[in-house]
Amino acid sequence: MNIYSRTIKEINKMLINREIGAVELTRYFLDNIKRKNKEINCYITVCEDKALRKAEEAQKLIDSGENISPLCGIPYAVKDNFCTENIRTTCASKMLENFIPPYSATIVNKLEEKGAVILGKLNMDEFGMGCSSENSFFGPVYNPWNQEYVAGGSSGGSAAALAADLAGFTLASDTGGSIRQPAAFCGVVGLKPTYGLVSRHGLIAFASSLDQAGPMTRDVTDCAIVLNEIAGYDPMDSVSVRKGFENYLDGIDRGVDGIKIGMPEEFFNTDFAPEIKEAIFKAAEELCQHGARSYEVSLPSVKHTVPCYYIISSAEASSNLARYDGIRFGYRNPDARNLDELYKFSRSEGFGKEVKRRIILGTFALSSGHNDKLYSKALKVRRLISDEFKNILEKVDCLVAPVYPTTAFKAGGDNCKDPLKMYLSDIYTAAVNLAGLPALTVPLGLDSKGLPIGMQIIGKAFCEKLLFQVGHAIEKIAGRIIPGVKS
Amino acid sequence: MADIDTVKKVADLAALSIEENELEEYARDLDAIIGYMEQLSLIDTGNIAPMEHIVSVTNAFREDEVTNTDRREDLLKSAAVTKNNYYIVPNVVEQI
Amino acid sequence: MPYEIVIGLEIHAELNTKSKIFCGCKNEFGGEPNSNCCPVCLGMPGTLPVLNKEAVIYAIKAGLAMNCRISEVSKMDRKNYFYPDMPKAYQVSQYDIPLCYDGYVEIEADGQTKNIGIERIHLEEDAGKLMHDPNGQGTLIDYNRAGVPLIEIVTRPDIRSPKEARVLFENIKSILEYTGVCDCQMQEGSLRADVNLSVRPTGQETLGTRTEMKNLNSFRAVERACEAEAKRQIELLEKGLKVVQETRRWDDSKQESYPMREKEESLDYRFFPEPDLVPIVVDKTLIKNIKASIPELPGARKKRYINELEIPAYDANIITSDMKIADFFEEATKVCSNYKLVSNWLLTDLLRLVKEKGQDVMQKLTAQKFGELMVYYDKGEISQASAKKVLDIVSETGEEPGSLIERLELKVQRDENLVESIVKKVVQDNPKAVSDYKSGKTKAFGFLMGRVMAQLKGNGDPEQIKRLLTRELKSLME
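Chains as they are written, first to last, in the working numbering: chain A, 1 to 487; chain B, 1 to 96; chain C, 1 to 478.
Treat the hints as calculated values from the structure; they're not laboratory data. There could be a bad hint or two in this list.
Stated by the list, open to error - Keeping only pairs whose Cα atoms sit at most 30 Å apart, straight-line, the calculated BS3-like set for lysine-lysine is:
id: 1; chain 1: C; residue 1: 389; chain 2: C; residue 2: 432
id: 2; chain 1: A; residue 1: 243; chain 2: C; residue 2: 284
id: 3; chain 1: B; residue 1: 9; chain 2: A; residue 2: 380
id: 4; chain 1: B; residue 1: 83; chain 2: C; residue 2: 284
id: 5; chain 1: A; residue 1: 421; chain 2: B; residue 2: 77
id: 6; chain 1: A; residue 1: 94; chain 2: C; residue 2: 129
id: 7; chain 1: C; residue 1: 334; chain 2: B; residue 2: 83
id: 8; chain 1: A; residue 1: 353; chain 2: B; residue 2: 8
id: 9; chain 1: B; residue 1: 77; chain 2: C; residue 2: 334
id: 10; chain 1: C; residue 1: 53; chain 2: B; residue 2: 9
id: 11; chain 1: B; residue 1: 83; chain 2: A; residue 2: 94
id: 12; chain 1: B; residue 1: 9; chain 2: C; residue 2: 79
id: 13; chain 1: A; residue 1: 110; chain 2: B; residue 2: 77
From a predicted model like this one, the values you see are computed outputs, not experimental measurements.
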């Protein structure tokens, strides 16, 4: 039986129809991991015993014939910045190399309750800081489409595991594009939900006001299925929003008739790969043929996204990462002779270079004498950007935009040599985090190098449903792309 | 502008020590990044209030209830070094 | 040259909540090391704070009791610094928008009444405790106190003498106690003060350079530290030297302060709004409800005792300075309405017992029984000596004063016929004393009275005995 790259929806049907057992399914993925993880390096930790145990439990649930969650028995994996009780959680950092949390993230608990089967923890850029998943203490993640290329970041492991068929779906987090960009690089679907929709409890903080957890899946329908299970108010996360349950599958295939799509000129006038531009224009055109209308719109302040984003995210990170002092958890330098050495040696040895660079930047931006010009100013610019998005999204239903200036780039190159250049590439994604809005990455086929092209659809706060509706329409037009399978 | 002294000072504030041979690189990167970021000062944000919170949620409170029990054993395990159920650091000269 | 002393206080008070400020751990003093801790208050990765509603209410209550205005919208901020007692390496506090601001507390010192301005009261979390490892080189950390809710009360520099500083601290303590905001166990550190002090030549407008002294945890320490620091600063200025702005530590045992070593950079706290917490919005209804829950405060009570109950100011001050005593007084006066009598007995005999036997005696005794006893005494049904005896016993055993008086037969005997017959008998039985009296030895009268009182087992009414004995002796002399 061929289960290669099947969607959750398909697998769920097979489980219910007893075409496959949950344990057999889990073994399939565990075998795939054993075969392919060496090359892709998307898993940091695999929890085989727990996965098999959970699969057995899931099978019992399925056999009980009761109404089960569509995720029951579905093997999934989690970005390694979500805490998982009794499973090592590293943030891809030497700092947390041996950290085994005595608690789980709320959304991991939710999935556990639904009977989903956890396979392991996924590689990433250390603490979420990076765009290639090469800033990892556990080595870089490679793109399953072509292993000479990166998988994107920071959730590179989450995207690569899906593309390589090493999980049924994955959890990831997005602070400035960390779900959407690797999803685009690996040709999968990734959602950055509205800030406050999905609990952050147990998600190890990078930048608290920007971090949002979200799913990566093979198609848009799967994405809605997973969001149905992980969204919702959590009393453990003060910023989470109280909202009634919404079924994100409702109306997903309604089509795009009458939908107004905005194309921000400040995005499309920038310099990015012509093949991506072409693909997005073509997709927009086809959406219009299906009844949508597209408009050129303007967001004049988005050009300030990158400085605004890097000041705020680094400032928050400098504070969030201050707790790693070697005392209560994490790496501790054994030779420190005094408190100052304990702090400095533990932190300098425990953190990688990019993390340290951002801590320095963030500390500088908050320090007296610079705060007004940098941090406080960035908070004001953030409101400008956010207001512009809000106003535009009163006029159109959603925006479409590129995700990254290029498709996946070569691994091991000079990607991180010039940090500023690297930061500038976040222009399309980070504005969405500043505004707290939802955005969905969907694949648009392959470029001439055979690498996936993605685009993002940005919506109003808490209007994920519309994103799925538009994304579903695009998927119908562009088709799914699967490594090794001609589309 | 950011120079080596700035990096040293900021690193100290962040409890990081940067190797001597890396100082220059950090200074160069920081200088370039800060230089770029200062473009924000050109934007007129006259009467715009800083965006301190993203969601419109207010008063997210918990009730005053004791819900936790003693999990010392579990929690102390995460520390590299402990002593008699205490966390421990090298002697802090100035005592509080 | 005469100098003026300028003092401001920063008072930290731990709030009387059941749980910590951001997690469901017990807010309790003591306990096994690190036993009242969880991933949240240890700052473990991925954990998030959720604000304790009661902590907010207590802070507002303290603010209202100190005549503060309450911020309609306030927020929490992060104060960033590395120290091993602070698990997250930042303290969640309030920076530019405190919950309460612009209030005052009335004090009376050196015969003058004045208001000391309260600049702000803000909400924050306490830190853990460090202690030297007795058998090693290290410093041990107990995070049980980390995350205990605190308010910081910052006064304006309106205080002009060490005595005023002490009285203000005492008054604030009483207010916190009356409102139930803080248990004020100073020896446990739940109430502590920092002192900012400067001196300037009298008449000079600008303030002198100030120093800060940290963690003073008794009224005496505050007063003495102020005295010593003012003296030190004046001596420096007299010598033509300058006061250095610095933080100093007061050593109460040595009665002197010395500068604390501090890193210059550690003063850059890089405050910014806490992104993990949302704004606190206080509406009028909440303020109204909290106001309604505030009991009559010490200042108002004192005035009422003086003006309505006619208690001397000195006594009223002592009674109201401790809420437990004031409440006891209030309860007792519901039973016995001779306020002055109750106040006298409370301040002398009861406080003596408390001093000798501890606070427990008040629980045993109860204000109700104390009041009942005062009624017996006030009506003349028992003698002063008996009343003291009953007080002693009841405060040990908790027995009802009425039944105790009955059992020990302490009631004053006033049966005119009975007393008269005893008087007659005593006069008959003591001819020597009678003849002494007749020959003008007045001392003999006292002796005879004592005999009568003894026959009555001490429960005679001296006035009555005196009257009857005089009459009897007079009749003999005629």
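Hint-by-hint comparison with the structure:
1. With a CA separation close to 34 Å, the supplied pair residue 389/C and residue 432/C exceeds the 30 Å bound.
2. Note on residue 243/A and residue 284/C: the hinted pairing holds, with a Cα-Cα distance of about 26 Å set against a maximum of 30 Å.
3. With a C-alpha separation of about 27 Å, the suggested pair residue 9/B and residue 380/A falls inside the 30 Å cut-off, and the hint holds.
4. Distance restraint check for residue 83/B and residue 284/C: the Cα-Cα separation of roughly 50 Å exceeds the 30 Å cut-off, and the hinted pair is therefore not satisfied.
5. Between the alpha carbons of residue 421/A and residue 77/B the distance comes to roughly 42 Å, so the proposed pair goes past 30 Å and is violated.
6. Between residue 94/A and residue 129/C the alpha-carbon distance is near 29 Å, which keeps this suggested pair within the 30 Å criterion.
7. For the hint pairing residue 334/C with residue 83/B, the CA-to-CA distance comes to about 56 Å; that exceeds 30 Å, so the pair is violated.
8. This hinted pair checks out: residue 353/A and residue 8/B have alpha carbons roughly 15 Å apart, not beyond 30 Å.
9. A distance of roughly 58 Å separates the Cα atoms of residue 77/B and residue 334/C; the hinted pair therefore is violated under the 30 Å criterion.
10. The hinted pair formed by residue 53/C and residue 9/B fails the criterion: a straight-line CA distance of about 39 Å is larger than 30 Å.
11. For the given pair, residue 83/B sits about 24 Å from residue 94/A by alpha-carbon distance, which is consistent with the 30 Å threshold.
12. Taking the CA atoms of residue 9/B and residue 79/C, the gap is about 18 Å. The hint holds against a cut of 30 Å.
13. Note on residue 110/A and residue 77/B: the hinted pairing holds, with a Cα-Cα distance of about 26 Å set against a maximum of 30 Å.
Comparing the model with each numbered hint stated earlier shows that hints 1, 4, 5, 7, 9 and 10 do not hold.
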